[in-house]
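Q: These are the residues of each chain, in order.
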Amino acid sequence: MSSAGHPRSDPASRLPLQSSALPDRAARPEPGQRSRHWPVVSISIIVVFVLVALLAPLLSPADPYEQSLRLRFRPPVWDERGSWANPLGTDRLGRDMLSRILWGSRVSLAAGVVTVLIASAFGAAIGLVAGYYGGRVDATLMRVTDATLAFPVILLALILAVTVGPSFTNVVIAIAVILWARYARVIRGQVLTLMQLDFIAQARIAGAGAWRVITRHLLPNTLNTLVVLVTLQIGYVIIVEASLSFLGAGIPPPTPAWGSMIAEGRDVITIAWWVSFFPGLVILLVVLAFNLLGDWLRDTLDPRLRQL
Amino acid sequence: MSAVIDVRDLRTHIVTRWGTIKAVDGVSFALGEGETLGLVGESGSGKSMTCLSVVRLVPRPAARVVGGEVLLDGEDLMRKSDAEMQQIRGRKVAMILQDPMSSLNPVFSVGMQLREPLTMYHGLRGSAAAARAVELLAAVRIPSPAARLRAFPHQLSGGMRQRVVGAMAIAGPPRLLIADEPTTSLDLTIQAQYLGLLKELQQRHRFAMIFVTHNLGIVARTCDRVAVMYAGRIVETGPVRRLFTEPAHPYTRALLESIPRFGVRRARLTAIAGQPPDLATLGTGCAFAPRCPAAFDRCVEAPPETDVAPGHAARCWLHGA
Chain A
2 MSSAGHPRSD PASRLPLQSS ALPDRAARPE PGQRSRHWPV VSISIIVVFV LVALLAPLLS
62 PADPYEQSLR LRFRPPVWDE RGSWANPLGT DRLGRDMLSR ILWGSRVSLA AGVVTVLIAS
122 AFGAAIGLVA GYYGGRVDAT LMRVTDATLA FPVILLALIL AVTVGPSFTN VVIAIAVILW
182 ARYARVIRGQ VLTLMQLDFI AQARIAGAGA WRVITRHLLP NTLNTLVVLV TLQIGYVIIV
242 EASLSFLGAG IPPPTPAWGS MIAEGRDVIT IAWWVSFFPG LVILLVVLAF NLLGDWLRDT
302 LDPRLRQL
Chain B
78 MSAVIDVRDL RTHIVTRWGT IKAVDGVSFA LGEGETLGLV GESGSGKSMT CLSVVRLVPR
138 PAARVVGGEV LLDGEDLMRK SDAEMQQIRG RKVAMILQDP MSSLNPVFSV GMQLREPLTM
198 YHGLRGSAAA ARAVELLAAV RIPSPAARLR AFPHQLSGGM RQRVVGAMAI AGPPRLLIAD
258 EPTTSLDLTI QAQYLGLLKE LQQRHRFAMI FVTHNLGIVA RTCDRVAVMY AGRIVETGPV
318 RRLFTEPAHP YTRALLESIP RFGVRRARLT AIAGQPPDLA TLGTGCAFAP RCPAAFDRCV
378 EAPPETDVAP GHAARCWLHG A
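Protein chains in written order, with the working numbering: chain A, 2 to 309; chain B, 78 to 398.
Worth double-checking, as some hints may not be accurate.
These stretches of chain A come out as covered by chain B in the derived footprint (C-beta under 8 angstroms, 3 or more residues) [as the list claims (entries may be wrong)]: (1) 119–125; (2) 146–160; (3) 205–211.
Listed next, the stretches of chain B that the computed footprint assigns to chain A, with coverage defined by at least 3 CB atoms under 8 angstroms from CB atoms of chain A [as the list claims (entries may be wrong)]: (4) 155–167; (5) 299–309.
Which chain B residues stay away from chain A? Per the calculated CB distances, all over 12 angstroms, these [claimed, not checked]: (6) L129; (7) R137; (8) P138; (9) E146; (10) A171; (11) L174; (12) E193; (13) P230; (14) D257; (15) T266; (16) G273; (17) Q279; (18) R283; (19) T347; (20) V377; (21) H396.
Worth flagging that the hints you see were computed from the coordinates, not collected in a lab. A virtual CB, placed ideally from N, CA and C, is assigned to each residue, including glycine.
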């Protein structure tokens, strides 16, 4: 005999099942629940480094440019040959590592933020236009995007460094000129999905023109993606900037930049590991912090997880 | 009474890889103030394309209105510039689409979305716009409208959202309201309420209404006249009552026979044999002929529109000369 025909036949076996299901569900973390807590660690790391960048002149114990050949390759303070005068040791020109890392945060963070802002603004605009107009406009813009994506950042930066000379501006230009294409691709894809939805049609039927539909309806609906992408890309740009500096196509010496500091320590890594290690460590920390923040934003801004 | 909307010989073609599709092939109808036309037909018969052609928002570049006139209060919309057309959409011709789940912008509150057309059409801002938005929500029977202004679309049910869309549609208020299957995705109980609401709004604002549906029951209840579409053409048009009691076209008859009726015992509902035609490979004759039980040799020619009775016309050789 099937129980389906007698729904009230055994209430005893159904009741405990229901009552046990409730606390069980409450105890289990809902998907995305953890992500609603602020990502304290990554935000504090970012805040600390932003403060460091702003206050570098006040925080640095020494002049990052001051050389002292007598003090070359001093190890960090906890080494028996180290001293509090140079807590993280010195590089091959006797410059204070800690001061250089603090000053270097200016270059790295500025490069990351400025580049990503330029690239995302331009890329998002291209993506919105391509997705909205479709057809030939879309095809043309997307072929340009594909071509851009196929072009290596490092190569462009090297060309720029060789022809116009390495500088902060050239690094930003070189990365932004390539990076926008990713935004264009992602945003265009989202716009294509949005264009299928009735509220876009409804807006056009209500008399909204291209500008209004793009700015009032499409852009606000892609902001989540944009914010997540921006955060994740800041970490990426910091790494690219470091790679360029490492290759000598980035920020020219003697300006302290994390990437070029790693490069300087490469030859002496067996005798003075700290010259490369500490800049590497801060790059790791900052990039990790931005990536964690990006992940958190993605989870939090996902409308399916967003609560009232 | 002069017509609010007078569509004459409207033709919309879609160019595809497989050939040109005549999605709307010489459609004509006229509607006066406060009148409702039910546009009925199977999927792909050109109902929605007709509506989009009227507001000139066919999906470009593939689709194109290639001919005909759409007179709104005597002015031909087909001759308007894009900028003029933008002024007409929403203000004079409003539209309600099928899916209430996606017809509101998910990232803005109901209030912000309602104020947008008010600012666009009437230049209302700030508290004046807010007050008018509350009036509109009240007009579509949304309880505690002032509180609802702050709600986001995902906090409202499908029926509520469709009411908000209705409120935005009457912000003009329009001369013509096109409702493209507005109740298809609503619960049955909500459907009846929503239809009642549309009738009520129509009585207040006296707009003409084109009601697209494939539900003949809704047509019987809400429309004054019906146009049955098949393969991009209106095959029969007439007053609701007459069309339901004395259908002239075999297709209309078949449609009516495929509705279950309360209290009438029948062994089986009659289905229309065969598939809707492929519009890309359509011949010159009557498009329904291959599925028509009454087809005869004349059907290889296209039948002209013939008056069966005053205000009741059909495209079928059974009634032709």
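Q: Check each numbered hint against the structure and report the violated ones by number, ascending.
A: 1, 2, 5, 6, 7, 8, 10, 11, 12, 13 and 14
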